[in-house]
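Produce the entire structure from the sequences given, and follow the hints as far as they go.
Protein chains: 4
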Amino acid sequence: MDLSDSGERQISWAARSMPVLTAIGERFAVERPLEGLRIAACLHVTAETAVLMGTLKAAGAEIALAASNPLSTQDDVAEALRAYGIAVHARAGVDLATYYRHIHQALDLGPDLVLDDGCDLVNILHTERTDLLAGVSGGCEETTTGIIRLRQMAAEKALTFPVVAVNDTRTKRMFDNRYGTGQSTLDGIMRATNIMLAGRTVVVAGFGFCGRGVAERAKGLGARVIVTEIDAVKALDATLQGYEVCPMERAATVGDLFITVTGNRDVIRAEHLAAMKDGAILANAGHFDVEIDVRALDELAHEVRRGVRPNTDEYVLPGGRKLLLLAEGRLVNLTAAEGHPAAVMDMSFSAHALAVEWLARERAQLAPGVYDVPEDIDHEVARLKLAATGIGIDVLTGEQQAYLHSWRAGS
Amino acid sequence: MDLSDSGERQISWAARSMPVLTAIGERFAVERPLEGLRIAACLHVTAETAVLMGTLKAAGAEIALAASNPLSTQDDVAEALRAYGIAVHARAGVDLATYYRHIHQALDLGPDLVLDDGCDLVNILHTERTDLLAGVSGGCEETTTGIIRLRQMAAEKALTFPVVAVNDTRTKRMFDNRYGTGQSTLDGIMRATNIMLAGRTVVVAGFGFCGRGVAERAKGLGARVIVTEIDAVKALDATLQGYEVCPMERAATVGDLFITVTGNRDVIRAEHLAAMKDGAILANAGHFDVEIDVRALDELAHEVRRGVRPNTDEYVLPGGRKLLLLAEGRLVNLTAAEGHPAAVMDMSFSAHALAVEWLARERAQLAPGVYDVPEDIDHEVARLKLAATGIGIDVLTGEQQAYLHSWRAGS
Amino acid sequence: MDLSDSGERQISWAARSMPVLTAIGERFAVERPLEGLRIAACLHVTAETAVLMGTLKAAGAEIALAASNPLSTQDDVAEALRAYGIAVHARAGVDLATYYRHIHQALDLGPDLVLDDGCDLVNILHTERTDLLAGVSGGCEETTTGIIRLRQMAAEKALTFPVVAVNDTRTKRMFDNRYGTGQSTLDGIMRATNIMLAGRTVVVAGFGFCGRGVAERAKGLGARVIVTEIDAVKALDATLQGYEVCPMERAATVGDLFITVTGNRDVIRAEHLAAMKDGAILANAGHFDVEIDVRALDELAHEVRRGVRPNTDEYVLPGGRKLLLLAEGRLVNLTAAEGHPAAVMDMSFSAHALAVEWLARERAQLAPGVYDVPEDIDHEVARLKLAATGIGIDVLTGEQQAYLHSWRAGS
Amino acid sequence: MDLSDSGERQISWAARSMPVLTAIGERFAVERPLEGLRIAACLHVTAETAVLMGTLKAAGAEIALAASNPLSTQDDVAEALRAYGIAVHARAGVDLATYYRHIHQALDLGPDLVLDDGCDLVNILHTERTDLLAGVSGGCEETTTGIIRLRQMAAEKALTFPVVAVNDTRTKRMFDNRYGTGQSTLDGIMRATNIMLAGRTVVVAGFGFCGRGVAERAKGLGARVIVTEIDAVKALDATLQGYEVCPMERAATVGDLFITVTGNRDVIRAEHLAAMKDGAILANAGHFDVEIDVRALDELAHEVRRGVRPNTDEYVLPGGRKLLLLAEGRLVNLTAAEGHPAAVMDMSFSAHALAVEWLARERAQLAPGVYDVPEDIDHEVARLKLAATGIGIDVLTGEQQAYLHSWRAGS
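Protein chains in written order, with this note's numbering: chain L, 1 to 411; chain V, 1 to 411; chain X, 1 to 411; chain R, 1 to 411.
Source of the hints: derived by calculation from the structure; they are not laboratory data. Don't take each hint at face value.
Which copy? The list can't say, so a pair holds if one copy fits it or any two copies do.
In silico lysine to aspartate or glutamate, EDC-like type, Cα no more than 20 Å apart, as pairs [unchecked claim]:
| no. | residue 1 | residue 2 |
| --- | --- | --- |
| 1 | 157 | 128 |
| 2 | 234 | 380 |
| 3 | 57 | 2 |
Here the structure is a predicted model, which means the values were calculated and not measured.
This is the structure:
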């Protein structure tokens with residue numbers, strides 16, 4: 001089997017769980033809303049991204065794709081995309097110089113629209129490829145980090161076109177943060193350790209959307225879940241959902257498994273590590289690998305046994321107590337499992353595709369700046385998802401619509 | 001036992017579940033933030049309201065209280081409040097003229113601040129008692145309905161002072177809508193019917209905060225729950241939480257118990273009633289009694305047997321099929337049970353008390369208009385609630401605070 | 001409305017939730033399996049019992065009914081039964097002499113079969129009415145207590161006829177112990193206190209069938225549940241279901257609400273009461289009022305305030321700490337709510353009715369002694385229950401039946 | 001790393017999750033209850049079995065181990081066991097002749113006791129090695145299949161020594177069937193497909209202990225679960241736990257994922273496959289690969305695409321509909337994941353070790369036949385498990401013990 005076949009196979013597997021994006025692609029193929037537009041994209045080159053690229057191509061766009069991270073590129077998917085007529089400038093494991101050269105190559109297309117994931121492409125455009133700026137009439141950005149950079153650019157009047165922040169919609173939050181992270185985190189922990197969750201005490205640090213998802217799945221697998229928080233409102237909500245809430249200082253002494261998902265650093269620190277039970281397991285589901293203080297763990301341990309299981313290192317502390325660190329404190333769902341299921345990316349990338357369509361239509365009227373995804377798109381994605389799964393909902397009658405807009409008469 | 005003793009007993013029972021408001025009251029008694037202020041209030045005269053009145057009095061306010069609804073007044077509570085030095089102008093079951101006279105009597109105090117529940121007092125102030133307007137420097141409004149009227153007044157420049165919309169805070173939504181309505185609705189249904197929930201198919205119409213709470217409690221009592229919705233995003237969320245979602249047309253044919261909680265009218269209509277199984281039970285948890293089309297039910301039935309159980313009427317349809325309507329389609333949690341537990345009102349009224357304190361301090365700087373409850377107050381209420389239940393949470397270290405505010409370096 | 005009408009109304013309400021017994025009654029009316037038999041019964045005279053009596057009468061039996069407890073007799077139900085042609089010897093609140101006279105009057109019928117609830121009737125039969133023994137060819141006993149007495153009689157060769165222990169079947173355990181007790185216990189607590197369960201720490205003492213049901217419902221209402229046990233296997237099961245398990249000594253210090261359901265005495269003792277938090281609530285769901293040591297509570301308290309809410313007494317301990325005792329430590333589901341829903345009794349009494357039919361058919365072949373309910377009856381009750389709710393299940397194919405009975409070939 | 005090191009590493013990983021067996025081993029090392037006994041064992045040669053072997057060796061036994069299945073042998077574990085002084089006669093992938101030769105070699109030890117898994121060793125002993133029978137005074141059998149064969153032997157008076165059926169204890173049922181199978185089945189499905197469970201409709205065929213566990217975990221991961229059954233009592237229990245129950249004929253049309261766990265054949269047949277939705281996924285968690293009629297699936301399909309994901313085959317039906325079969329219909333938890341976690345085997349093998357100790361002590365008094373594991377052992381395993389996890393339970397007071405054994409006085 002050559003690379004392209006293997007890539008094709010992975011793309012079809014992903015597409016199977018992406019009925020919403022597929023439905024959008026079918027409409028795009030008829031309506032051709034991106035006819036004649038050139039799009040330069042800088043995204044993770046994965047099977048799910050490939051389905052997005054196919055959707056935009058079906059809409060009439062010409063596309064050049066660079067990787068937004070050299071480590072995440074799936075070479076066989078890249079090859080399959082090339083076979084499908086999309087210019088892919090990406091290869092797994094390239095050095096930084098090559099990484100940036102690839103972005104330049106994608107920009108060589110002379111794009112009308114740009115898609116970015118972390119703002120590297122847009123940054124190069126505004127610094128090294130300013131000649132192309134006049135042609136660019138809009139963009140989409142996939143990450144929070146990128147949005148922060150873009151808002152700063154907009155505040156300094158440096159941004160020259162409108163950008164849609166596609167990372168933050170109600171459906172994405174639900175699918176991605178709560179259910180995607182929830183399941184894939186526990187999946188990663190099971191694959192790394194094969195431990196039984198039922199009967200374990202699981203400490204979830206952080207009760208935002210992701211933390212809530214992780215807590216629900218741990219509970220759903222039979223664990224007793226303890227939540228730690230720094231925000232009183234979220235902590236209160238956790239108690240109302242039946243979770244035990246306490247400071248990490250206390251949780252550290254009773255937990256069998258700790259999962260950090262806060263977005264902050266040093267959530268599990270030396271003093272907590274020192275208090276843990278023999279055999280406690282540490283996993284991180286937050287974006288960066290700073291939530292568990294791995295350096296402190298290294299300093300506490302007098303011996304480290306790497307790979308006692310795949311993605312599992314054992315730290316032997318003075319006195320013989322052992323702690324197990326999963327995935328070196330990196331995102332356990334990506335490292336030990338496969339990250340978000342394609343069904344999750346279906347929602348995110350569908351919003352992405354509809355945002356591109358909206359941009360193509362509205363860009364002339366939009367001033368430079370950062371825009372939220374229009375709420376209609378969120379509803380459209382949810383609507384298509386329900387339709388794809390054959391789930392019907394009710395429709396307001398005329399009287400009901402009138403009632404909702406009327407002045408209510410009171411009791 | 002005289003009225004005042006009986007009222008006192010009820011007030012102490014309520015206070016027992018209101019530790020947050022009690023803690024605020026203790027601080028108020030020391031700091032006296034309302035020293036010398038006159039407050040005219042138009043609220044339901046219940047035991048929980050009495051605790052709020054006590055708190056404001058402890059803060060130094062002079063108070064006159066009228067009822068916001070003649071039916072909800074508990075005469076013994078009113079009597080106990082009078083014994084405590086608060087001027088109460090309210091009596092259960094008065095006619096409309098008396099109801100309005102009571103509001104006038106409360107206004108006779110010449111208030112600095114006003115508290116309203118439905119906007120009747122503020123309305124009278126701006127129409128019949130304009131002489132007092134100059135003295136009023138701020139207000140609070142408890143209901144959505146009232147807020148809508150106030151925003152309209154503000155839009156027409158008719159409102160002469162700032163009003164805080166105390167009905168809508170994150171903690172209130174959680175406590176009141178989700179957990180309060182959730183539990184009390186099922187409680188009301190059990191008291192009315194004594195049916196076993198386990199094994200029943202319960203149809204919950206509407207998946208907003210209240211609907212979610214009702215669905216969770218029905219599921220928690222062992223029912224199979226079906227959700228109906230008109231909003232695709234909410235419907236999708238319901239499916240992701242494991243609920244079956246379908247149109248009412250189909251749900252009507254399989255449900256054993258129907259609970260409406262949508263905020264809309266005619267959610268259960270003639271065509272649904274006609275399709276239901278023999279013995280199906282209908283209950284409403286939405287604010288107004290319009291969600292179940294009771295008129296249609298009356299027309300369908302050839303016989304109605306009132307009170308086959310307390311709060312339960314049986315409608316016999318042609319062919320012998322019987323449907324059971326609870327509480328005549330009115331709010332089942334208020335009619336057949338006792339409405340929100342005091343613990344819920346603790347949160348709402350604590351936000352209320354803190355909003356009054358904030359108004360007293362800030363009113364000079366505030367233009368006329370409708371204001372949200374400051375987010376700090378929400379956190380303060382949650383913080384006090386956790387403290388009252390002895391639940392500790394974590395505190396950010398200096399490094400963590402710095403990290404949260406820094407530009408993140410990326411992967 | 002006269003007594004008989006009121007009783008009739010209650011009987012029809014109960015019958016509505018008893019479709020299985022109703023279906024059995026319809027078959028009995030056709031097949032008349034008890035034609036000509038005389039039955040003396042000693043049971044609680046409630047609406048559900050009335051439905052059972054009607055079923056047996058429809059089968060052709062002549063019935064005389066005495067109460068098995070003078071306190072539980074519903075006089076209007078008794079009246080309605082009389083109107084229906086059943087000889088009822090029972091009245092609420094009679095003294096002990098009258099209670100026994102009623103049993104004698106029921107026995108005066110000269111029964112072929114007897115139904116008992118606690119073994120009082122059978123006891124009198126074997127001691128004071130031995131003249132009737134020759135005519136009695138079988139019986140049913142409803143309670144564990146009665147079964148223990150009967151086994152002792154059988155062991156001493158004193159029992160002269162076969163008795164079926166109708167209190168213990170798989171369906172009864174499920175319906176009655178787990179789901180019936182579970183729901184009605186929480187229902188009773190909500191009616192007594194109107195507290196919000198979400199966010200509370202509930203300690204459930206005992207994790208048998210009933211305790212499991214109580215724990216599930218408390219969890220389902222949003223509480224954090226802690227289980228105490230004396231049996232290691234049950235304790236382990238509780239942890240595997242995600243509950244925290246610890247000794248009462250520790251649970252006493254953290255619980256907001258305690259529910260005993262162990263079948264043993266002094267589960268909550270002086271040392272536990274002394275350690276509890278201010279405001280802790282105590283409820284019992286076990287059969288006898290010995291699980292909470294109320295005497296110890298009385299001794300600890302320097303003041304008792306009866307009825308701070310219906311069925312709620314407040315004990316003020318030295319130092320001002322207050323504990324709340326529900327229903328004086330008696331069964332909270334019967335005292336503060338309505339005991340088992342009729343749907344539960346439908347299962348128990350259906351097994352009862354089928355056991356009577358089986359006895360009538362088989363009694364000639366049965367030696368004196370205590371018999372379990374034949375397993376077929378359990379299946380028949382479950383089958384009828386599913387049919388009544390319109391739930392279908394699969395049927396084995398011929399190949400499948402053969403496969404199940406074959407020697408399995410191994411891997 | 002040589003084989004022995006790799007095996008040692010796996011054994012220590014397993015031992016880490018086997019605290020109960022470890023604690024038993026520590027006691028055995030002191031008490032030496034198997035001093036001088038020779039044990040021939042025929043078991044799966046895995047890391048967990050290795051821990052059991054170590055435990056028995058610590059007790060003083062001399063051991064020879066053959067594989068009970070050539071496919072399950074982990075060669076590195078075998079090597080590590082040899083290094084530890086246990087005679088292992090096993091190698092992965094041997095032919096049948098070698099498989100049986102290995103059993104003979106293990107028997108050459110001249111055992112006092114035998115441990116079996118499927119009855120092959122005991123069978124050879126009674127047919128080809130009858131010379132050794134006189135020396136064998138007891139045995140243990142691990143599987144249901146083996147027990148059935150042994151009971152048949154006992155019935156025919158062919159069995160010459162007592163055998164304990166170690167496969168069936170309360171703790172094993174809980175740990176192994178309900179929680180072990182539950183988690184590992186969903187784990188296997190996630191590894192095979194990476195699908196998101198939340199929002200999917202999962203059909204679980206069979207609601208025995210295993211099916212219940214699978215249903216709970218699917219629900220816990222956010223799925224809507226439908227149960228099919230052939231037993232009315234189990235079906236009723238499923239409805240009382242909130243599951244939808246219907247015949248497979250109907251479930252087939254709505255399921256996204258089907259999991260069979262019935263112990264029967266042809267649970268999903270041609271007529272069901274023909275009715276399924278495009279993209280439906282089929283998995284089996286029952287012991288044998290007969291529950292899904294794979295032959296019928298093969299006949300229906302006009303194309304089969306093997307390995308569209310690891311352990312996932314796609315069957316293309318006429319009209320383009322596709323069904324996905326996991327693990328070729330074999331046990332999905334063993335094939336696509338790692339089978340039961342070591343924590344599960346800790347319970348089973350601890351009962352096993354204690355059963356061997358009991359046999360060693362009691363064998364002289366036991367007639368040939370099949371024996372249940374003494375109930376005490378079950379409690380001891382549960383007790384040790386709780387102790388290992390630091391969970392305390394209550395102890396009966398003298399009064400409580402007396403109360404439990406007294407005649408109850410009644411109401």
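Comparing the hints with the structure gives:
no.	hint	in the structure
1	157 with 128	within (17 Å within a copy, 53 Å between copies)
2	234 with 380	between (30 Å within a copy, 12 Å between copies)
3	57 with 2	neither (24 Å within a copy, 52 Å between copies)
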